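Novice: Using the hints provided, position chains B, C and D with the ligands relative to the given structure of chain A.
Residue numbers (the working numbering), protein chains in the order written: chain A, 533 to 789; chain B, 533 to 789; chain C, 40 to 449; chain D, 40 to 449.
These are calculated hints, taken from the structure and not from any lab test. Hints may be right or wrong, so weigh each one.
[Unchecked claim] Where chain C lies over chain D, by a calculated footprint (3+ residues, C-beta under 8 Å): (1) 88-97; (2) 340-348; (3) 372-381; (4) 391-401.
[As the list claims (entries may be wrong)] With a cut-off of at most 20 Å between alpha-carbon atoms, the simulated EDC-like pairs for lysine to aspartate or glutamate come out as follows: (5) D:Lys442 <-> C:Asp221; (6) C:Lys436 <-> D:Glu175; (7) C:Lys442 <-> D:Asp444.
As the structure is a computational prediction, the values presented were derived from the model and not from experiment. Each residue gets a CB set at the ideal place from its N, CA and C atoms; glycine is no exception.
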Amino acid sequence: MSLAEDIKQIQSKQDKKILLMTHIVLGYPSFEVNRGVVRQMVENGVDLIEMQIPFSEPMADGPVIVKANQDALENGTTVAQCLEFAAEITETYDIPFLFMTYYNILFKYGEEDFFKKAKKINIKGLIVPDMPPEEGETYFSRARKYELAPIMIFAPTSTNARMKNLAGYGDGFIYCVARKGVTGTQTSFDDEFNNYIGRCRQATDLPLAVGFGISAREDVDYLIGKADIAVIGTKTIKLVEKKGVDSVGLFIKGLRR
Amino acid sequence: MSLAEDIKQIQSKQDKKILLMTHIVLGYPSFEVNRGVVRQMVENGVDLIEMQIPFSEPMADGPVIVKANQDALENGTTVAQCLEFAAEITETYDIPFLFMTYYNILFKYGEEDFFKKAKKINIKGLIVPDMPPEEGETYFSRARKYELAPIMIFAPTSTNARMKNLAGYGDGFIYCVARKGVTGTQTSFDDEFNNYIGRCRQATDLPLAVGFGISAREDVDYLIGKADIAVIGTKTIKLVEKKGVDSVGLFIKGLRR
Amino acid sequence: MSNKGYFGQWGGAFIPEVLFETFQELKEAFAEARQDEQFWREYVNLMSTYSCRPTPLTFAENLTRHFGGARIYIKREDLNHTGAHKANNVMGQGMLVKRMGKKRVIAETGAGQHGVATATMAAKFGFECTIYMGEEDIMRQRPNVFWMEKLGATVVTVTSGTRTLKDAINEAFRDWVTRMDDTHYVLGTVCGPHPFPEMVAWFQSIIGQEANRQIQEQFGALPDRVYACVGGGSNAMGIFQGFLDHPEVELVGVEAGGRGLDSGRHASRLAGTDGSAGVAQGYKTMFLQNDEGQMQDTHSVAAGLDYVGVSPILADLWEKGRVRFEAATDEEVMAALDLTMKKEGLIPALESSHAFVQAFKEVGDIETDKAVIINMSGRGDKDIFTIAHAFDDPSWKEFIIAKGDEYVAR
Amino acid sequence: MSNKGYFGQWGGAFIPEVLFETFQELKEAFAEARQDEQFWREYVNLMSTYSCRPTPLTFAENLTRHFGGARIYIKREDLNHTGAHKANNVMGQGMLVKRMGKKRVIAETGAGQHGVATATMAAKFGFECTIYMGEEDIMRQRPNVFWMEKLGATVVTVTSGTRTLKDAINEAFRDWVTRMDDTHYVLGTVCGPHPFPEMVAWFQSIIGQEANRQIQEQFGALPDRVYACVGGGSNAMGIFQGFLDHPEVELVGVEAGGRGLDSGRHASRLAGTDGSAGVAQGYKTMFLQNDEGQMQDTHSVAAGLDYVGVSPILADLWEKGRVRFEAATDEEVMAALDLTMKKEGLIPALESSHAFVQAFKEVGDIETDKAVIINMSGRGDKDIFTIAHAFDDPSWKEFIIAKGDEYVAR
Ligand SMILES: Cc1ncc(COP(=O)(O)O)c(C=O)c1O
Ligand SMILES: Cc1ncc(COP(=O)(O)O)c(C=O)c1O
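Only chain A is shown next, with the shape it has when bound in the complex:
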């Protein structure tokens, strides 16, 4: 089943007002912790999980995720281990999992091999923030070939025309970056945001995921009716750092009534 179908199914089956997607950095602080966190997330109703394969140059990420990437690599985390872990997780849980990473990870692995492998271990989509359509001739054709959703990113700076163009390359859903900047800072949901999300809605029929700075129930509430998926990124990483794996479940549960 494709990611788009997955999402439709989740939406229809469970009649949720909004879906939740969460984010983990593989190997940070350890795969053991990742395992616990994923379990907490799934058991508490998370609908999709993006798993970030760490990269030494996480240009689009903010300090918390940057540090997580760096620590994961310093712990010796390899791409091979990430793929193995992902295979285990997709076997264990029945929600869609995506990879998030930077393009060099695919490039060095071999783009074709990477897609093949990701497909094989039942990954549903890829979020690669430094892969614009202009650079992605082979990337997008391989995504189609292996039926892995290439998640396109909209930004507040994207024009309407640009959004339409981007949407044409995408599948599964669109990742709408809630504001300018990097991951990890609070977003203010105001008229400007509403206008932006309206433009996103206009540009595509794909589900809209909104990420960057979503950290509390109010944020999720605010997105209901405006977007299809709320993305929790940095917040759970900080939570695990401060309060441990077991705090994740309660937090997730509290995000939706």
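Specialist: Just chains B, C and D with the ligands, lined up with the frame of chain A:
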């Protein structure tokens, strides 16, 4: 009596093979010490004494005398005190005393006033190493007017013609700098020196004093028959510094048989 | 060069979507400026009244005699205002920023030269300015940090990653994606996403234009070889462009050999065999990375060469065999610097000294009626802490200890 | 100027006899060189291929706007090789030394600029080199000492007198009277016995020649006023000579006001009333001395202005009313430096900053259709220890303390 006459008289009266001129820096380490040193010198047969009025920029002097100048000034030695002290000394002892200093001391005192004063306190000559004939129109005419011998300096670098020219300005004696450089380092008396002193002798009928690096009986011996006056400069300053005032007498005595 | 900023297989623009429009605007502004002959004239005028262009080409008579081979000419980018070729790029971009109506500039810096140059440009043009600099580089180049701050810039210490140039670049991008509306990112070398390599190369081409004219005036012919150090590659591209169309002129890029090419402690992406193709920091080039694409910790005594990537334009010229790449070790660099100071009274930056090393290795074997040019990309004043340290100068150490004590005492 | 090197009542050559022939030789060599048009051509060529002449004249747009008066142009002697106008004099004397066949040069230095320039020239010409520097100045200008040594010069610490520039001059003379046969004393400013003032002024006149031409090209007319700092007076004489024949151009020399003209802690020989006529260091001029002719301890934040005497040529121009003299205090200097860095991206040496102070005081009152020139005699890099100290920069102090600890630990 002029300095030239003084010297003739000393030479004839005492039948010395060579005269001795010594050097002190006024106010270093104190006038009290100066007083003792002069007494030791005179009592032990020194024939002439040059008294250096300290100057802040003793460009032609070596480190020992530079330091003596500097310390004297730091002790608060003034030109006025130097003149007063000189008056006392010339009253007390019956040998010729000269001033050695740099031109700015005269210039600031007022050239005319300085000559007048020096004459009055019975100073016999002036050694001013930064006063070449080219700059000395008033200086030399005042020296004549007040009958104070302007001691001219010959250097190994002076040509024969230059020496003749210099001699024409001089009186009393000629100060032959034994070698290049500043005061206070040993001179090697060799063929080059002999040649030089021969050139000096050719250039003038005035008595020749040789200074710079004369510090022992052998040096004085060597000069007998070549020069009229041996000048002991730095050596006695060092002696007083190391062994005190009373060591001067014995040292002076030992310089001539 | 294709429309997408490729040089052979290298280059491109692997940028986050949030910067897409910013890059569109920049590409347009650059394309317009490039069309506009008046722009280049103004640029040359600015560089000749504010900096010291044309910088001289100096005949190194003593070094030539010392090596007994080809005549050595030195292109004096050290005489630029702020002390390096970095001024060329920065003033050019400053003019573009003015054209685009932006009010704030940011930059990364490694050696600090680009940071000082940017802070200087910002002062001159009246822009607000923030400079990102790796913690390790700050330690190596403290005087430059002081000057940036005095010039009115904010210097941000980058503590992520290896705390050097590449991390400062990441951090600058993170700033840019936040404030692209009023901010221009003044990238300091011929790297990064399109149109940066092309743009920086264009501004730096003034070096090669001058050098070509000067060597013909002074020597009467083109040089046999041209040597330049390669960090990102901007000074090298600058001077090489004056001779690219003359295949008889051999172009030699010198990378940081650090402790040696087999030591794993170097920054040679093209010389040696440790580099491999990759995509990072927004462009595709040869990187020093591991098998899985993680960038490696590089090393050089010269902060400005201590970088994982290299200009895509140079990667292409390397692949096509047009530019030969060599590496100079830290040790060789100190020796060449010492010789150059003592023989010619010139103090090349540690970066620039790499070019001198390779020229010195080769020049004795070239006929005496030939000439070579060494690009002296900058002056070594900025490196006093590193150089004094490397020469293990005892009186310098004493001085620093005494100064330190003085400050502790208060 | 008379045959004996007088300018009005000032100048002369009050030298010990042992140097008489040396000065004869020097006067002849200089007179010949001066006659020989080829010599000047070679000099200009050297300065344009080894240093960066003509140095630019920079229009300071932001400062002009800030003060709202006459247009401010800045003559960029900071862009010379080694960072100051001192290079002009030194390279010229180097050519003379070669002509005289001597093999060794000595020099005094205060700010260290002249020492670095001389060491550089010696390296370039292949001369042996010894530099005399006062202990206090060594503390103020340590980086320059390091570079002199690396350039191959021997730096001798002078501990006599006030341990500053004048004492270094005495010490250099003491060396010279010992080794005049093979040694030339490269005096660093328009002071000392004839023919030094005239000779140094001649070499430095290149500044004024260029500035006169440049201001007419860029501004279309002569400036209303020209400002230069005055230590010994060489940069001032250099630029003033371009305008001496134009009485409508007012020439303003700015001395070190230190802690204030009434504080007794300054180095103003002509501005203020503390200077008086005297003869020292081989020439007659206005000195800071006491009633009995002992030279006083001077003070300035700028080592290069911290000198008891002043050019006899300037003393004459002062007496004749052709040059107006002013003083800038240490405090004013730091403020002008700060403003110039932030507004124009230029870092004038502390010495040069004195000229900026006076221009800033006056320029707002001059009509906007007029122009003034400030001579920026050197760059402030050399002053980092002094400037960082003066600005009381905490992170600089931390850095120095940490470096010191690192060295102590080994
Ligand atoms: C003096 C100098 N030369 C060379 C470089 C290396 O950069 P590039 O290869 O872009 O010229 C730097 C970088 O900071 C530098 O400061
Ligand atoms: C930059 C600079 N300016 C000015 C001076 C003062 O010298 P002068 O008055 O001879 O130009 C110095 C002396 O060292 C200096 O280094």
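Novice: Look at each hint and say if it fits the structure.
Specialist: Each hint, compared with the structure:
1. 88-97: holds (count 8)
2. 340-348: violated (count 0)
3. 372-381: Per the Cβ count (3), the hint holds.
4. 391-401: Check failed, 0 qualifying residues.
5. D:Lys442 <-> C:Asp221: violated (39 Å)
6. C:Lys436 <-> D:Glu175: holds (18 Å)
7. C:Lys442 <-> D:Asp444: Distance of about 11 Å is within 20 Å: holds.
Taken one by one, the earlier hints fail for this structure at numbers 2, 4 and 5, listed in ascending order.
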